[in-house]
Amino acid sequence: MFLENSSKEYDVIIIGGGITGAATARDCALRGLKTLLVERGDLCDGASGRNHGLLHSGARYAVTDPEGARECISENRILRRIASSCIDPTGGLFITLPEDSLEYQEKFIKACRDCGIDAEAITPEEALRLEPAVNPRLIGAVKVPDASVDPFRLVDANILDAVRHGADVIKFRAVTGFLKENGDVRGIVLGGSSIRARQVVIAAGIWSAHLAELGGAHIDMMPSKGSLLIFGHRLTRMVINRCRKPGNADILVPGDVVSVLGTTSDKVPFEDCEDIRATGDEVSLLLQEGINLVPELSTTRIIRAYAGVRPLVVADKAASGRNVSRGIVLLDHELRDGIKGLITITGGKLTTCRLMAEMATDLVCEKLGLKIPCTTAEKRLPGSKVRKSGKDPVHKRAAVGRHGSEADIMDFNAKGAGEIICECEQVTRAEIEYSVKNLGVRSISDLRRHTRVGMGTCQGSFCISRVAKVLAEVLGTPDKADELVKDYLQERWKGMSPVLWGDTLREAEYMHKVHRK
Amino acid sequence: MTYDIIVIGGGLAGCTAADVLAGAGKKVALFAEGLSLHDATEGPASPKAQARSPYSALSALSAKGVTVFRGDSIVKADLSDDGSHVVRVFSRNLGDEPLVAGAFVLATGKFFSRGIISYMGGVFEPVFDADVEFEPDHGKWFDTDFFAPQPYERFGVRTDEAGRVIKGGIIIDNLYAAGQVLAGEPLSDEGIESSGRAAAMEIMKKW
Amino acid sequence: MQEKSISTANLEQCLKCNLCTLVCPMLAVNEQYPGPKKAGPDGERYRIKDPEYYDYALKYCLNCKRCEVACPSGVKIGDMIQTARIKYGSQSKIRGLHGLRDWTLASTDFVGGMTASPIAPVANAVLKTGVAKAVLHGTLGVDRHRTFPAYSSEKFENWFRKEALEAQAGFEKKVSFFHGCYANYNYPQLGKDFVKVVNAAGYGVELLEREKCCGIALMSNGFAAKAAKQGRINLESIRKAAGPVLTVSSSCTHMMREEYPEVLGLPNEDVKDRIMLLSRWLYPRLESGEVKLNFRKDFHMKVAYHTSCHMQRMGWQEFTLGILRKIPGLELTVLEPYCCGISGTFGFKKENYGYSQKIGELLFSEIREAKAKAGDSAPFVVATECETCKWQIEMSTGITVMNPVSIIAQALDSE
Numbered sequence: 009m010f011l012e013n014s015s016k017e018y019d020v021i022i023i024g025g026g027i028t029g030a031a032t033a034r035d036c037a038l039r040g041l042k043t044l045l046v047e048r049g050d051l052c053d054g055a056s057g058r059n060h061g062l063l064h065s066g067a068r069y070a071v072t073d074p075e076g077a078r079e080c081i082s083e084n085r086i087l088r089r090i091a092s093s094c095i096d097p098t099g100g101l102f103i104t105l106p107e108d109s110l111e112y113q114e115k116f117i118k119a120c121r122d123c124g125i126d127a128e129a130i131t132p133e134e135a136l137r138l139e140p141a142v143n144p145r146l147i148g149a150v151k152v153p154d155a156s157v158d159p160f161r162l163v164d165a166n167i168l169d170a171v172r173h174g175a176d177v178i179k180f181r182a183v184t185g186f187l188k189e190n191g192d193v194r195g196i197v198l199g200g201s202s203i204r205a206r207q208v209v210i211a212a213g214i215w216s217a218h219l220a221e222l223g224g225a226h227i228d229m230m231p232s233k234g235s236l237l238i239f240g241h242r243l244t245r246m247v248i249n250r251c252r253k254p255g256n257a258d259i260l261v262p263g264d265v266v267s268v269l270g271t272t273s274d275k276v277p278f279e280d281c282e283d284i285r286a287t288g289d290e291v292s293l294l295l296q297e298g299i300n301l302v303p304e305l306s307t308t309r310i311i312r313a314y315a316g317v318r319p320l321v322v323a324d325k326a327a328s329g330r331n332v333s334r335g336i337v338l339l340d341h342e343l344r345d346g347i348k349g350l351i352t353i354t355g356g357k358l359t360t361c362r363l364m365a366e367m368a369t370d371l372v373c374e375k376l377g378l379k380i381p382c383t384t385a386e387k388r389l390p391g392s393k394v395r396k397s398g399k400d401p402v403h404k405r406a407a408v409g410r411h412g413s414e415a416d417i418m419d420f421n422a423k424g425a426g427e428i429i430c431e432c433e434q435v436t437r438a439e440i441e442y443s444v445k446n447l448g449v450r451s452i453s454d455l456r457r458h459t460r461v462g463m464g465t466c467q468g469s470f471c472i473s474r475v476a477k478v479l480a481e482v483l484g485t486p487d488k489a490d491e492l493v494k495d496y497l498q499e500r501w502k503g504m505s506p507v508l509w510g511d512t513l514r515e516a517e518y519m520h521k522v523h524r525k
Numbered sequence: 019m020t021y022d023i024i025v026i027g028g029g030l031a032g033c034t035a036a037d038v039l040a041g042a043g044k045k046v047a048l049f050a051e052g053l054s055l056h057d058a059t060e061g062p063a064s065p066k067a068q069a070r071s072p073y074s075a076l077s078a079l080s081a082k083g084v085t086v087f088r089g090d091s092i093v094k095a096d097l098s099d100d101g102s103h104v105v106r107v108f109s110r111n112l113g114d115e116p117l118v119a120g121a122f123v124l125a126t127g128k129f130f131s132r133g134i135i136s137y138m139g140g141v142f143e144p145v146f147d148a149d150v151e152f153e154p155d156h157g158k159w160f161d162t163d164f165f166a167p168q169p170y171e172r173f174g175v176r177t178d179e180a181g182r183v184i185k186g187g188i189i190i191d192n193l194y195a196a197g198q199v200l201a202g203e204p205l206s207d208e209g210i211e212s213s214g215r216a217a218a219m220e221i222m223k224k225w
Numbered sequence: 024m025q026e027k028s029i030s031t032a033n034l035e036q037c038l039k040c041n042l043c044t045l046v047c048p049m050l051a052v053n054e055q056y057p058g059p060k061k062a063g064p065d066g067e068r069y070r071i072k073d074p075e076y077y078d079y080a081l082k083y084c085l086n087c088k089r090c091e092v093a094c095p096s097g098v099k100i101g102d103m104i105q106t107a108r109i110k111y112g113s114q115s116k117i118r119g120l121h122g123l124r125d126w127t128l129a130s131t132d133f134v135g136g137m138t139a140s141p142i143a144p145v146a147n148a149v150l151k152t153g154v155a156k157a158v159l160h161g162t163l164g165v166d167r168h169r170t171f172p173a174y175s176s177e178k179f180e181n182w183f184r185k186e187a188l189e190a191q192a193g194f195e196k197k198v199s200f201f202h203g204c205y206a207n208y209n210y211p212q213l214g215k216d217f218v219k220v221v222n223a224a225g226y227g228v229e230l231l232e233r234e235k236c237c238g239i240a241l242m243s244n245g246f247a248a249k250a251a252k253q254g255r256i257n258l259e260s261i262r263k264a265a266g267p268v269l270t271v272s273s274s275c276t277h278m279m280r281e282e283y284p285e286v287l288g289l290p291n292e293d294v295k296d297r298i299m300l301l302s303r304w305l306y307p308r309l310e311s312g313e314v315k316l317n318f319r320k321d322f323h324m325k326v327a328y329h330t331s332c333h334m335q336r337m338g339w340q341e342f343t344l345g346i347l348r349k350i351p352g353l354e355l356t357v358l359e360p361y362c363c364g365i366s367g368t369f370g371f372k373k374e375n376y377g378y379s380q381k382i383g384e385l386l387f388s389e390i391r392e393a394k395a396k397a398g399d400s401a402p403f404v405v406a407t408e409c410e411t412c413k414w415q416i417e418m419s420t421g422i423t424v425m426n427p428v429s430i431i432a433q434a435l436d437s438e
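Residue numbers (my numbering), protein chains in the order written: chain A, 9 to 525; chain B, 19 to 225; chain C, 24 to 438.
Think of the hints as simulated: they come from the structure by calculation, not from any bench. Any given hint might turn out to be false.
To be verified - Using 25 Å as the maximum straight-line C-alpha spacing, the simulated PhoX-like pairs for lysine-lysine come out as follows:
{"hint": "1", "chain 1": "A", "residue 1": "Lys399", "chain 2": "C", "residue 2": "Lys110"}
{"hint": "2", "chain 1": "B", "residue 1": "Lys224", "chain 2": "B", "residue 2": "Lys82"}
{"hint": "3", "chain 1": "A", "residue 1": "Lys396", "chain 2": "C", "residue 2": "Lys72"}
{"hint": "4", "chain 1": "A", "residue 1": "Lys393", "chain 2": "C", "residue 2": "Lys72"}
{"hint": "5", "chain 1": "C", "residue 1": "Lys325", "chain 2": "B", "residue 2": "Lys82"}
{"hint": "6", "chain 1": "C", "residue 1": "Lys110", "chain 2": "A", "residue 2": "Lys404"}
{"hint": "7", "chain 1": "C", "residue 1": "Lys215", "chain 2": "C", "residue 2": "Lys110"}
{"hint": "8", "chain 1": "C", "residue 1": "Lys156", "chain 2": "C", "residue 2": "Lys315"}
{"hint": "9", "chain 1": "A", "residue 1": "Lys348", "chain 2": "A", "residue 2": "Lys188"}
{"hint": "10", "chain 1": "B", "residue 1": "Lys45", "chain 2": "C", "residue 2": "Lys325"}
Here the structure is a predicted model, which is why all the values come from computation and not from measurement.
Bound-form chain A, shown alone:
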């Protein structure tokens, strides 16, 4: 259940509503633990919502990090099955350009095969036939089982499953401290109130360092900023990678109806993490590199630029972000720091979220003296149930595309339920009502994360007032509509302004004329 506060005592409290926390909450709930997840903002507000949305096959890491690659391919296969509604099995293509080397491609194929990743070399002609938009200068290409994953929906699905198995969720409340007895953690403090639990798991991405500090432990983390660009439509069917040592802006992912190009990698101070935004220099860098993958990026509208922070745990003294271990980091603070009741799970990748959750939950169970097997690899997530095939009505198709079988519990029969409220992304009233009811949505930005409302090419110019009106009605605060619009536009502006030229500037002029009276 979504709660404002709780006086219950829990087996486990998980801090962080990103993918790691959500997956851990699901695993704990599925194993029958009394579970609470606490998130200071909305679900998927941090790095989980600010990445490529790439379901790695592991190919990208095969040469440099075979262990990570093996984890990826194994989790890739599991997620395709249990989270089918969040995944678009696009496949991936690693292209070799004349400035790269075919020797590396050979090494890459071998490394993939050693890790159990299907990697099939195809001719440049075949690659261009599959993907007419890729750089025609390519001299080699390899097909791998990469895919596109919607991180927002993956978090939602995990949360929904956790809630449906008895877990509680508190959003929009920050953990300000820990309940401590004899140096051991016995729960959390949320401002004025506290909630007791037998185990607390920190799963808060880059903010884990700060939380561990509050709990009395120290984790040496390094915030690594990654900036990305969103282009207005799908330029390719497959994920496109450069076949070389991983570098800047060398992945293009077809995510839902857009293309996402990324990423950069720069060390930033902790204080920057709260309001992270892409800079003009990063946009230039991304474009310069991106056009080597797909030249058409140079003439395609950029809808927005955004940035996230990778939670890298420092394992050595490397200065820049990319060589630091991105492997899964599970810290048993009892063993490590003598603090009973506290665990941190961080590092890792979106692709390995389920595995991270399994590892963290195994440790929780061990601490609680329980032996309950993990079932998250077998049980399908909400939305990924097998649906009867057959044509859905037009106004329902986008909802099915986003939420899979969950769309079947949306009420499309009520009066006005099928009305499209956000036209770019074809979001209906039924979908908005579902999100408010099931996912604790409060603002348009929250709604956006769960439905794609306002994520389209107009970024809300045309229909955001209508969205606000419907949302305010559903929330039962019809007089708050204008406020919802204001917050939303301010947030959109953050991503639009670094790419304010061409059609995006035209859109901005229209947006200003409509909304700034």
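On the provided structure of chain A, position chains B and C as indicated by the hints.
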């Protein structure tokens, strides 16, 4: 085709200028590439209610004798050798048919209607390649507060005091800019109308 | 990078301003139709992701291109919708008698070739009977209110070869004539009027080596491959013809100039500028003095000009109006360019008849008003370059509609 005046742009400024000029008995042609930002933001809310009204301003001009080219745009202009005079212009639809007039009004608006076009490195005016005032540093094109006045709104073509367009430092003596295409403080609807009227008055003084 | 006119992908230029939505005639009368923005650029983003997002309600698009005329961003909304219909809504999915009906309506060459012959009077009589109409309405789904345009007993091509070809040899300068199906099968007089005007201008007329129906009806009924095949033949013939290739129908002209490349994927850049309506060719020549036409002194006619949708999209009405204004005794009014609603074969289908008539009502009342104002001191006609507008306006108002070419021909002083 020969007219007294050719108005480029069918928004508020262009329609106002054409209306004044036609009212004074001039033979006016107006090119409206699509409807305008004003139409988009002030138009009727429901398409079912008034399917005909987005064109009401242009229809009224037609009724006044203005030759209105809907959905057509001026794509090319021939200037005199010294660059101080527009001799003829050409439109996308009319192709090689020369469009001749004594004076021209540039009322193509800003970015929305592509009166000026921006790209990553700058801003240009697409018909005459007129001089455009803009901030060279892209980081200064916007205010981080969405609701604040935005620097990009001040971008536009340079003109002399009479509103004549400047290209390469040379005043084009029969090309008058009106409305949002102008550089400087963004105009209110009333401001746009009065700049359209002003351009018409200047033209009637001289041409 | 990101320079000049960025976004080569045309759908990206859509700012969602909805001006197209405001001017769409179909949306105003039919709420099943999603409207140009949703059907065009919005839908296209989703169709690129997955063709399953194709919406069969796109069949309601009239292809009038009014969305494109209104669009401040240059988005080819109409072309995008046509292309989507071809790509995702293929005719193979429409089977049975309606499929046969669509094929019959679309195959102007085949049906016209069979019917425009000595059997024409019989065929016309049969098609006009109540029994035939009931059968067509009930089985094929051709609306009972419609009458098929009458077929001529002699094709224009035959007439030309027999009666006009020889005289053309006397002209030093020549133009080619793409006559189109209507002039060939239904109303050869239009072709004869064309020859008369061009000859009066001092030019001879040649037919193309091969002319097929431009394919617009095939395209809009989902037979794109067949349309493209005919398009290739036409373009080939046009390439072989040396000078201008003149036309009398705005729809054929728009099809060959704009939709061949944009919708059917047939490149025509090399010949596009040579394909044009007679008025587009004639007006500049009259203006420059290269051509002089003598008009009758006793000509009297009140003409209300209707800009057909495709004429409006091409933006050429001023060429026609410029010529009509030169005719002494011709009193001209220009109608507000509303859509007549028929959209080629669209309005012939019984499921569309109601929409067609509702859409056309704005135009019909404008025409009735113009006629009332005109009085009866001279014959009143509506002029338009589109033959299907003609059928629709004549059926709906009872007022005679003429192609401007025929008006010019009638006004010529041929002595």
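Here is how each hint holds up against the structure:
1. A:Lys399 x C:Lys110: Satisfied, since the Cα-Cα distance of roughly 18 Å is no more than 25 Å.
2. B:Lys224 x B:Lys82: 23 Å, holds
3. A:Lys396 x C:Lys72: 21 Å, holds
4. A:Lys393 x C:Lys72: 22 Å, holds
5. C:Lys325 x B:Lys82: 20 Å, holds
6. C:Lys110 x A:Lys404: 22 Å, holds
7. C:Lys215 x C:Lys110: Not OK: Lys215 (chain C) and Lys110 (chain C) at ~39 Å, beyond 25 Å, violated.
8. C:Lys156 x C:Lys315: Given pair Lys156 (chain C), Lys315 (chain C) is violated - Cα atoms ~48 Å apart, limit 25 Å.
9. A:Lys348 x A:Lys188: 10 Å, holds
10. B:Lys45 x C:Lys325: Roughly 23 Å between the alpha carbons, so the hint for Lys45 (chain B) and Lys325 (chain C) holds.
Comparing the model with each numbered hint stated earlier shows that hints 7 and 8 do not hold.
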